[in-house]
Amino acid sequence: MKILQKIEERCIACSACEMACSNAYFKVKDREKSAIRITEHGQDKRIHVCNQCGYCIDICPVLAIRRDAQGVVRIDKKKCVGCLMCVGFCDAAVMMQHDEFQEPFKCVACGICAGVCPAEALYIDKDAAQVPLEKVTFFK
Amino acid sequence: MEIKAMKEARTLLTAFDYEPAPLERGYTDRSLHIRLGENRVEAREVPALVREKFIGGKGYGLKMLWDAVKPSTRWNDPENAIIVAGGPICGITQYPGSGKSLVCTISPMTDMPIDSNVGGYFGPYLKFSGYDALEISGKSEKDVVIFIDGNSGRVTIEEAPLEAVDGHVVAEQLTQMYAEDEEDKKNISVICAGTAAEHANIGLLNFSFYDLRRETARLKQAGRGGIGRVFRDKKIKAVVIRFRGTKGNLNKPADQSRINKAGIKLHRQIHDLDDAQCRMRQIGTANIIEVMDAYDLLPTHNYQYGSHPDTHKIASTVFIEKYTTQGMPDGCWYGCSLSCAKTADHFKLKTGPYKGHKVTIDGPEYENAAGLGSNCGIFDPEIILEANFYCDTYGVDTISFGTITAFAMECYERGIIDKSHTGGLELTFGNAMAQLELLHQMSRGEGFGYHIGLGVRHLKQYFAEEFGADRAFLEDIGMEQKGLEVSEYLPKESLAQQGGYGLTNKGPQHDEAWLIFMDMVNNQIPTFEDKAEALHYFPMFRTWFGLMGLCKLPWNDTTPADNGMTDEPAKIPEHVQNYVDLYNGVTGSSIDKHELIRQSERVYNFQRVFNIRMGKGLRVHDAMPYRSMGPVTTEEYLSRQERYDQQMKELIGVDPTGKSVQEKIAIVRAYRLDQYEKLTDAVYKRRGWTAEGVPTAAYLREIGMDLPEVLEVVTPLQG
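Chains A and B, in that order, are what the protein sequence lines are. Numbering of the first sequence is given in the numbering used here, commencing with residue 1 and proceeding in unit increments. Numbering of the second sequence is given in the numbering used here, commencing with residue 1 and proceeding in unit increments.
Here chain A stands alone, though its shape is the one from the complex:
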């Protein structure tokens, strides 16, 4: 399936990807409205973005989440009732949510961010295998 792949060691945390994503989908340059999120932990740069694992598909109570023909996991915003269970249950916290929107949003592997990344840390992989994302645990 088609996913956005990342090479975290190359990332320089310049935020170009975040700006490009939020601009493309929400017409603003605001990292809070980006489906890709960069965080820094000391020297380490982390790239948080959906890898189309599909765990959220079974979480949605209204069947608003499904895979498209290329295997990309997409939200049907008309069906979505804004319950945010997919946001809460995403193992890697990459189902994004912003209070200005009823519906969550996520990476759809469009490649725009890969096109602007100066460090070539992102690329579209059209034949990726489905793998689970690294789990984030908020509460132990």
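Some hints could be false.
Stated by the list, open to error - Listed below are the simulated DSS-like cross-link pairs for lysine-lysine, each with C-alpha atoms no more than 30 angstroms apart in a straight line:
1) B:Lys247 <-> A:Lys79
2) B:Lys252 <-> B:Lys593
3) A:Lys33 <-> B:Lys265
4) B:Lys252 <-> A:Lys78
5) A:Lys135 <-> B:Lys265
6) A:Lys33 <-> B:Lys552
7) A:Lys79 <-> B:Lys261
8) B:Lys7 <-> B:Lys70
9) A:Lys77 <-> B:Lys139
10) B:Lys261 <-> A:Lys27
11) A:Lys2 <-> A:Lys45
12) A:Lys45 <-> B:Lys261
13) B:Lys70 <-> A:Lys77
14) A:Lys77 <-> B:Lys247
15) B:Lys252 <-> A:Lys27
16) B:Lys261 <-> A:Lys29
17) B:Lys552 <-> A:Lys29
18) B:Lys552 <-> A:Lys79
19) B:Lys265 <-> A:Lys77
20) A:Lys79 <-> B:Lys265
21) A:Lys78 <-> B:Lys265
22) B:Lys252 <-> A:Lys29
23) A:Lys135 <-> B:Lys261
24) B:Lys247 <-> A:Lys27
25) B:Lys252 <-> A:Lys79
26) A:Lys78 <-> B:Lys261
27) A:Lys27 <-> B:Lys265
28) A:Lys78 <-> B:Lys247
29) A:Lys33 <-> B:Lys261
30) A:Lys45 <-> B:Lys252
31) B:Lys53 <-> B:Lys70
32) A:Lys29 <-> B:Lys247
33) B:Lys252 <-> A:Lys33
34) A:Lys45 <-> A:Lys29
As the list claims (entries may be wrong) - Listed next, the stretches of chain A that the computed footprint assigns to chain B, with coverage defined by at least 3 CB atoms under 8 angstroms from CB atoms of chain B:
35) 53 to 63
36) 76 to 85
37) 96 to 110
Don't read these hints as lab results, they were simulated from the structure. Here the structure is a predicted model, which means the values were calculated and not measured. Even for Gly, the Cβ is constructed at its ideal location relative to N, Cα and C.
Dock chain B against chain A, hints included.
Just chain B, lined up with the frame of chain A:
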């Protein structure tokens, strides 16, 4: 299932067109009133004072019921009303457990108000359709279906002769009939009862929601108190609502961000911790079957014992492995990630009118496994599921049915009744086929099953008058109070739970106070003062959920990781704060956790006074059958001899040596009855009530429930 023929057989009695009032900050401030018989439909404004004092949900239900009835009103008088209401928080989608409806009526069991909470989608859809509450009074001559189209703004009452009565059939028929297409089915919710509800005072209401993955209508229940009986007595076959366009912000909350934060936080908590905590997503409330058995709290053989060697046959693991589906969110209202509503799919029925059918069974809840199972000595998971199914579709309260059958079985085992009285049914503990046959008889309104459907209080009278049974013994072992059956927790060793069942408004249910875990498992209320305080705080706190349209399970069946370090872990302070945030987030108010309690105190005390107004609600009605407090029989005493002998020494200060079992039973009895009296004194005082259990005028003034009609009832009783 010929939908076309059903539609053609309909006769329109009334059509009412309306402009749906805007829903703002949790309220539409409108109520819908239907008068059957006269076929009158009216929309009214909810007065500001009512909203201020009664908030919503059961508050609105009780207020409307008070206005509808007189002290002499019986459950089957036409002026008795059924009120369905959500509450200001009802209908948000972000926080688990936000879709409950509250249903109120005068109960056929207790002759006073009952309120029952239920999931499904009706409450939220009612609000979205423009109404904070729906009141149905009067009686129809023939079976009717009431339909509310919340998008176009139309209410119809139609005679509906051909639709089924049993819950699982009629819910499916009407979902299909009113949905414009497959996609639209999730926009339909049906309220219905079942054929047993036409004869049994323990009849319940089913509230449906459409399961998109299973492609079937599913049923949640407003279980306690016999509201289904009232429904069928009014000749209502179903109430159907349709609303298309559910979104998370339809309540137009004042602060969506606050709600979102609370919701995501709780989703994440459930995601991270549920598997290690209550396993609600895996198996729901049935997770405590084996826990209750381990703590000797599982009601067994009519509450004689607290455990059984065969409980492992109906442990939660058995249901998970063999019968309930996994990996699918089981839903209830949107956003409930606790997802406790399990189903057994493609289950082939062995008995009854649907024998051989493969059905979807909503369950088993803990109460079903305990009430239909261990309490009746039945340890066959398939029987429990089948009884669960038939109770739901026939419209029968599984808790009441389980407790009543257990009582009948003990009477049979002790020779108080025999085959000649039961129409040939051998009602021994464990006779599963006999239990199921009672249900089928109840559906047909005949046989011994008919009497079962009238309740323990009825059976005590019936056995004493018709078969010469020893009334005093029946009073000891018949687990009912105020006319309602005790629910499925063994209170015998927990003074707190005895009070939790006994010192209630509506009868011995666990909506108001579920303290047994806190007391017996977590040992969080060890002292007498702790128990008395808990019997004030928790009924008030729990009542709040009934004002809001919220489910209580996300409050205490999932716990923050650091809850144990808080100052009051039993209250789950972080969740209390979540609820304050939700309320303020929706309504734009700025209440704190104390005002939250105050809101409940008003409605709780109003309900107490309402009970008094109906001739009940006093200390004498708060006494419990002795089986709920201690060993009645020799076998019970001997089953826990070590514990009872030790307590006699340590707590009562009496040496058990040399005393006969009968003597010891009497000593324990006197002590425990006295303990209960002392608890009652302490709790009444804490609640602002007189020694007779009447709210004092001063206290009513303090909490702001000193309405003239309320003071009129209590003033002569201030003693």
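Within 30 angstroms, alpha carbon to alpha carbon, are Lys2 of chain A and Lys45 of chain A? Given pair Lys2 of chain A, Lys45 of chain A holds - Cα atoms ~24 angstroms apart, limit 30 angstroms.
Under 8 angstroms between beta-carbons, do enough residues of the segment 76 to 85 of chain A, three at least, approach chain B for the coverage claim to hold? holds (count 5)
Quick one, are Lys53 of chain B and Lys70 of chain B close enough, alpha carbons at most 30 angstroms? 21 angstroms, holds
Holds or violated: Lys79 of chain A with Lys265 of chain B, Cα cutoff 30 angstroms? Holds - the C-alpha atoms of Lys265 of chain B and Lys79 of chain A are around 23 angstroms apart, at most 30 angstroms.
Decide if the proposed pair is consistent with the structure: Lys78 of chain A and Lys261 of chain B, CA atoms, cutoff 30 angstroms inclusive. Cα-Cα ~22 angstroms, so holds.
Within 30 angstroms, alpha carbon to alpha carbon, are Lys33 of chain A and Lys552 of chain B? 34 angstroms, violated
Are the Cα atoms of Lys261 of chain B and Lys27 of chain A separated by 30 angstroms or less? With a Cα-Cα distance of about 24 angstroms, the restraint between Lys261 of chain B and Lys27 of chain A holds, given a limit of 30 angstroms.
Verify the proposed pairing of Lys247 of chain B with Lys27 of chain A, using a straight-line Cα cut of 30 angstroms. 24 angstroms, holds
Is the Cα-Cα distance between Lys252 of chain B and Lys27 of chain A 30 angstroms or less? 25 angstroms, holds
Check whether the Cα positions of Lys27 of chain A and Lys265 of chain B lie no farther apart than 30 angstroms. 28 angstroms, holds
Holds or violated: Lys7 of chain B and Lys70 of chain B, Cα atoms, limit 30 angstroms. 38 angstroms, violated
Please work out if Lys70 of chain B and Lys77 of chain A have their alpha carbons no farther apart than 30 angstroms. 51 angstroms, violated
When each numbered hint is compared with the structure, violations occur for hints 6, 8, 9, 13, 17 and 30.
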